[in-house]
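Student: Kindly produce the complete structure, drawing on both the sequences and the hints.
Okay, here's what each chain looks like letter by letter:
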Amino acid sequence: MKSGYVANRSTRFSVLSDDQCREIVSASKEILERTGVKIFYQEAVEILRKAGCSVDGEQVRIPSRLVDQALRMVPKRVTLCNSRTGERVMHLEGYNAYFGTGSDTPFYIDPYTGERRPSSTQSVGNNCRVIDALPNLDFVMSLGISQDVPQPVYDRYQYEAMVLNTSKPIVVTANDAQGFADIIEMAEIVAGGPEKLRRNPLIVLYAEPISPLQHSMESITKLMMAANKEVPVVYTPCVMAGATVPATMAGTLACGLAESLSGLVLHQLTKEGAPFIMGGVFTIMDMQSTIFSYGAPEFHLLEAALADIAHYLNLPMFGTCGCSDSKVVDEQAGIEAAMSILLMAQAGPNLNHDVGYIEYGSTASLEMLVICDEIIGMARRIVRGIEVNPETLAVDVIDQVGPGGHFLKTAHTRKFFKTETWYPTLIDRKIYANWKSDGSKTLTQRANEKVISILESYQPEQLSPDVKQKLRAVVERAASKCQK
Amino acid sequence: MSILDEIAQGVIEGEATKVADLTKKALDTGVPPLDIINNGLVLGMGKVGEMFKTGEMFLPEVIFSGDALYAGVGLVKPLLTDGSMPSKGTAVIGTIKGDLHDIGKNLVGMMLESSGFTVVNLGADVSPESFVQAAKDNNADIIGCSAMLTTTMILMPDVIKLLESEGLRNKVKVMIGGAPLSPEYAAKIGADSYAPDSTTAVEVANELV
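So the sequences go chain by chain: A and B. Residues 1 to 484 (the numbering used here) make up the first sequence, in order. Residues 1001 to 1209 (the numbering used here) make up the second sequence, in order.
Take the hints with a grain of salt, since some may be wrong.
[Unchecked claim] Pairwise CB distance ranges, derived in the manner of DEER restraints:
(1) A:Leu455 <-> B:Thr1150: 44 to 50 angstroms
(2) B:Leu1080 <-> A:Pro424: 41 to 47 angstroms
(3) A:Ser453 <-> B:Lys1171: 47 to 53 angstroms
(4) A:Leu455 <-> B:Leu1080: 49 to 55 angstroms
(5) A:Asp330 <-> B:Leu1168: 36 to 42 angstroms
[What the hints assert, rightly or not] According to the in silico footprint, chain A covers these stretches of chain B (three or more CB under 8 angstroms from chain A):
(6) 1111 to 1122
(7) 1195 to 1203
Derived by calculation from the structure, the hints in this document are not laboratory data. In this text, all values refer to a predicted model and were calculated from it rather than measured experimentally. In this text, a Cβ means the ideal position worked out from N, Cα and C, and glycines have one as well.
Tutor: Here it is in structure tokens:
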């Protein structure tokens, strides 16, 4: 009889202890009380003043009790749905780790020519189709900007291109709150009405403050729009250690978290209980090139630490992985993607984005994306850990086979070899002669072939002609207003 | 689906009991035994081989398919007059002296059997003399010689020399395999063929007989 037996159901990566989380959260509250944040939107400042904040022009100092209150009010879990079936496919809570792409890259690598080209509505649509086909990607961000349409309303075109090409949940960006309003209207059309969208969210809105400690009018109006409509929102500070936040990792976490928590306070004061996902793309400024690094080890360390804090606060979290500073899909891209994906899979932020980015987030690569899909498969196997029980210990089978025998013919092997083992679709394990006779291809070459094959053969589930027409009408309405 | 198709499907699924039942049923209803073998059992196993090569099937599944194949063949074989049971040839296989690594060689044996060869598996640590003696005793067409180590593969030429001195070299083909080996090494020691894996071993054996 076992007594007091403890089992690990999965592997886990953790950076901070509970005491360290508490200390960082406390520092963030101190920053908000002592230094405060700048808010460039009068209506928001008034809400905060009425709630008890100390207001000095645009600078708002937030008492800790308001942070505590917001943390109590905010939902601890957010669920996202398939846009075609309404099935509740993603549960953003606890250590559930989902993966998806990043959003608005100005460039993409043309899979047919290898050229780095400006992204367009068509490239966004193609990218979403590939994401839809890949089994380990759970949600979609645009992986490009629609640059071929009127820019003040690009966001409506971009959402249309996305939702036509994927049924996976979509995280959307927009120019402004009006853009969000139109996109929410479009999502309501897809969902079958406002109430259905509220019940089964298909989209998450994305907004970001401006570090350090500033909330622009655009970001605040987007955040408040999301709250009022009760559409889940990712509010994500993008901070650079040594530049927009302190160079120390702890200081980076405290300052970035203060931005998130001030956003949360305003969000919950706008609409109590509206769904909120804590963001945080926390990395370093590379002091040689000045880039915002998407591959630095400190980036992964900070993201994992922030996941510890999110778990400590019991908040759903937006993480980052599967991206690279490399300009091409090469060994560096593979190293940076693999390390970040495995660490996020084990640290457990819930909504992990930017899979498929190269060139520090400026360029989207579908080859990178399909390689990352494979890495996520590997990481998920590692996260699944090792099941230990009498059947998996297989002592009887070992006795039956005995020294010098083999296990290939046992029913035990037949039962377990597929579930215990992960099998690749892109990673090469062929014997040398077969690899050579198949063309001696590198991983990137095989990835390109997979991309082309998806682009030429895969069709996402279609929306009805009626829905498509109504979506188009919203896009055209926005475009015509924009021309006036 | 005809009963022969069902038998082939049973082999692909690796369901020995199902294949045995179907084979009995086919015999009872008067399907000619050779038809059952060629258009049911062996046809299914051929598909298994293809699917293994393309990655659609996995090794343990192939082995279970092999068992299913023999569950059917065992029932049909006694009904065939002597000599009409198709066999592609006899292969004597083993891991060379000084080497206990035999999982790869066993795989080759199972795959050869599944594809219709008669296999005599001598196990591991097999001396050149034992290889040649077994080839004589079993009237073998092929000797399959395996080694995992660079320190043991150097005994392989002795097998070939011994075959020559016994006057059997023209009758018995020699194929070699194992991690340190290569087509170049096979050519250098005068072996007939090299196979890097069990699937290729079957292809090579088919060419040799």
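Student: Could you work out which of the previously given hints the structure breaks and list their numbers from low to high?
Tutor: 5, 6
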